[in-house]
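So the sequences go chain by chain: A and B.
Basically this note's numbering = 1-based index in the first sequence + 1.
Basically this note's numbering = 1-based index in the second sequence + 28.
None of these hints come from the bench; they were simulated from the model.
Computed from a predicted model, the values in this text were never measured in an experiment.
There may be inaccurate statements among the hints.
Residues from chain B shown here face chain A by an in silico Cβ test under 10 Å; the list is partial [claimed, not checked]: (1) W46; (2) T112; (3) R115; (4) E117; (5) I128; (6) L165.
Glycine included, each C-beta is placed from N, C-alpha and C at the ideal position.
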Amino acid sequence: MKPKLALYWASSCGGCEIAVVDIELKILDVADFFDIVFWPCLMDFKYKDIEAMQDGDITLCLFNGAIRTSENEYLAKLLRAKSKVLVAFGSCAMEGCIPALANFYDKKAILDFVYRDSPSLQEDSKGVYPETKTVMPEGEIEIPEFWNTVKTLDQVVDVDYYVPGCPPQSFQIITVIEAVIDILKNGKPLPPKGTILGAGDKTCCDECPRERKEKKIKKFYRPQEIIPDPNECLLDQGLMCMGPATRSGCDALCVKANIGCRGCYGPPPNVMDQGTKMVSALSSVIDSTDPEEIRNIIKTIADPLGTFYRFSMASSLIRRVQPKNGNNK
Amino acid sequence: MEQNKEFNPKIVAFLCNWCTYTGADLAGVSRLKSSPCVRIIRVMCSGRVDPSFVVKAFKQGADGVFIGGCHIGDCHYSEGNYKTLRRVEFMKLFLEEFGIDPRRLRLEWISASEGDKYAAKTLEFEAEIRELGPLHLVEA
Chain A
2 MKPKLALYWA SSCGGCEIAV VDIELKILDV ADFFDIVFWP CLMDFKYKDI
52 EAMQDGDITL CLFNGAIRTS ENEYLAKLLR AKSKVLVAFG SCAMEGCIPA
102 LANFYDKKAI LDFVYRDSPS LQEDSKGVYP ETKTVMPEGE IEIPEFWNTV
152 KTLDQVVDVD YYVPGCPPQS FQIITVIEAV IDILKNGKPL PPKGTILGAG
202 DKTCCDECPR ERKEKKIKKF YRPQEIIPDP NECLLDQGLM CMGPATRSGC
252 DALCVKANIG CRGCYGPPPN VMDQGTKMVS ALSSVIDSTD PEEIRNIIKT
302 IADPLGTFYR FSMASSLIRR VQPKNGNNK
Chain B
29 MEQNKEFNPK IVAFLCNWCT YTGADLAGVS RLKSSPCVRI IRVMCSGRVD
79 PSFVVKAFKQ GADGVFIGGC HIGDCHYSEG NYKTLRRVEF MKLFLEEFGI
129 DPRRLRLEWI SASEGDKYAA KTLEFEAEIR ELGPLHLVEA
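Can you make the complete structure from the sequences, with help from the hints?
See below:
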């Protein structure tokens, strides 16, 4: 009997699914080796088919997407129970990613904007909020409940392995899948629980071909303000680059395209918080010893928190912006 | 406030080995009254204090974080405290964006001979944190 494979998308954009299909002909090996039992993005499966399975029936589950709604959490718990190996696949499941930027606001602020204040709403639909339960002539219908805070997969269930990236690079997915097939076919031992697969163990700077001169900077620029030198370190040129606080593994994709690293591979090994690591890195390049001037240089960074935690807000130490009515102010 | 009488702030202090730690020692030897709410962690240089230490302290229940270093120009390692200065300025903005009052993080330059300054500044900081009240971080 073939090993069973499941793929699920929780709160995600579908980019991870595309990345899996993007392994080109290798996908045939996957289809050949595994029996795909659940992949809602590609084929029609029902939740009740999974519910009917025995615990541990699924050999491998690649779970992408963050936990945003009650449905996401239900599926996370269901797939955890039914899977032998559960992998947090991609940045959303691993560290929250773009959906977790919602942690800058709360449920009320988000729903108020989307259903009441958004300029794209039609006049008569302003202020119409979705209800979890609605009674219709045909009966009661139910939609999932929206959580106040976006969580990562491992904040909800036990996770065995992680594959970082937004999305994980196809060549990395190939190495992971080949390793999995090798383990299952030849009875090789599994890597230790919690291992980060399909990534390096250094920072993005290690893979970056640009030359670092350790220049100090007086101002941070936005990408549209200057034309960067293609061979010189972007941070040296005053462009925001998350390289020093990001795990290697993508082969320095963004910096090779003349744009600063976004930080999607998450914090490097032994770093507990990507954003504070970036604060530390940037504090070394700011060219000033005067508090007033330092503040002014920092102010030239557009949206520091959103930039430093673009991918890791949900897995950061603080996890969410604190409510204003709390006594933290 | 009535409830604040019960509140004993937890203050984590990262003190540099060469200046502020020795200053704190002097405050004790001189029998000066300094804040009893302070939990001191000795570091070799205030530049050793990674911003994640500050956030981790808040996360684990600190109501205030105090960083003590050598005066500018006096750093044992030449320029460690310049780095601290930049980091703390950055961290204050950072904490504010997270919705945490930046006054909960304080940086002071206290030399080895300034036991009185250490005593005064920790008491001042304790009073400020008492006024701000306990920090309750919300995760969900």
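(message) Check the structure against each numbered hint from earlier and tell me which ones fail, lowest number first.
(response) Number 1 only.
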